[in-house]
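Asks: Sequence:
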Amino acid sequence: MTSRPEAAVSLAERKRRLVADELAEAAMQLLAQKGFDAVTVDEIVAAAGVSKRTFFRYFASKEDVVVRFLADLGSGIRAELAARPADESPSLALRHSVSVPLAACADHSDRALHVVQLILRTPALHARFLERQAQWREDLTEELAARHGLDSASALYPALAAGTALTAFNTVLQHWSESDGDRDALQLIAEAFTVIAPALDGPDSGTSAV
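The sequence shown begins at 934 in the working numbering and counts up one residue at a time.
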């Protein structure tokens, strides 16, 4: 008896996701073709075949269409870090964690490349990207503190390590975008972590509060 309401909710959620995906796809195609500033919500809903009211049921603005992409991009970072072996070095654990969104970009290379380029080249979207990353940094900081038995509010290491890992991620994303996807994002992140690993794995890498 209890399975029917759950199935109904699941079906409703699947329908919501489908509509949101169709809207996002229509928006991303237009944004990639015409540029962010040139596209209106009216054009997006016309391309998707829905009403303006339906659009605003799912997104507050056209910026939020891209923000949803960013949310999806970063959703697995903390979970991946939490799943890494407890005895793994911080640099290796963080490298695997930030590789998750890069692998997602590689799996959907053409669309992801257009979206990433749009974000990095549009000031309003880049600002939203950095705003979203503040949450990623907080999540990584809390997870690193938990892994090393530290207080995330007082220990310096977790926040510094999280920020360093995300700086590497941003640098790789920039290089991948500027190369029009020709450079291998996962190879780039491996190279980046070779550079920052000594700082992440040094004698004060979370073994004690500073």
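Some hints could be false.
Below, a list of computed lysine-lysine pairs in the DSSO-like style, where the Cα atoms sit at most 30 Å apart [as the list claims (entries may be wrong)]:
id : residue 1 : residue 2
1  : 967       : 985
2  : 985       : 948
3  : 948       : 967
In case anyone wonders, no lab produced these hints; they're calculated from the structure. Owing to the predicted nature of the structure, the values given are computational and were not obtained by experimental measurement.
Asks: Take the hints in turn and mark each one as holding or not.
Replies: Right, here's what the structure says about each hint:
1. About 20 Å separates the Cα atoms of residue 967 and residue 985, which keeps this hinted pair within 30 Å; it holds.
2. With a C-alpha separation of about 18 Å, the suggested pairing of residue 985 with residue 948 holds against the 30 Å cut-off.
3. Of the supplied pair hints, the one linking residue 948 and residue 967 holds, its CA atoms being roughly 29 Å apart against a limit of 30 Å.
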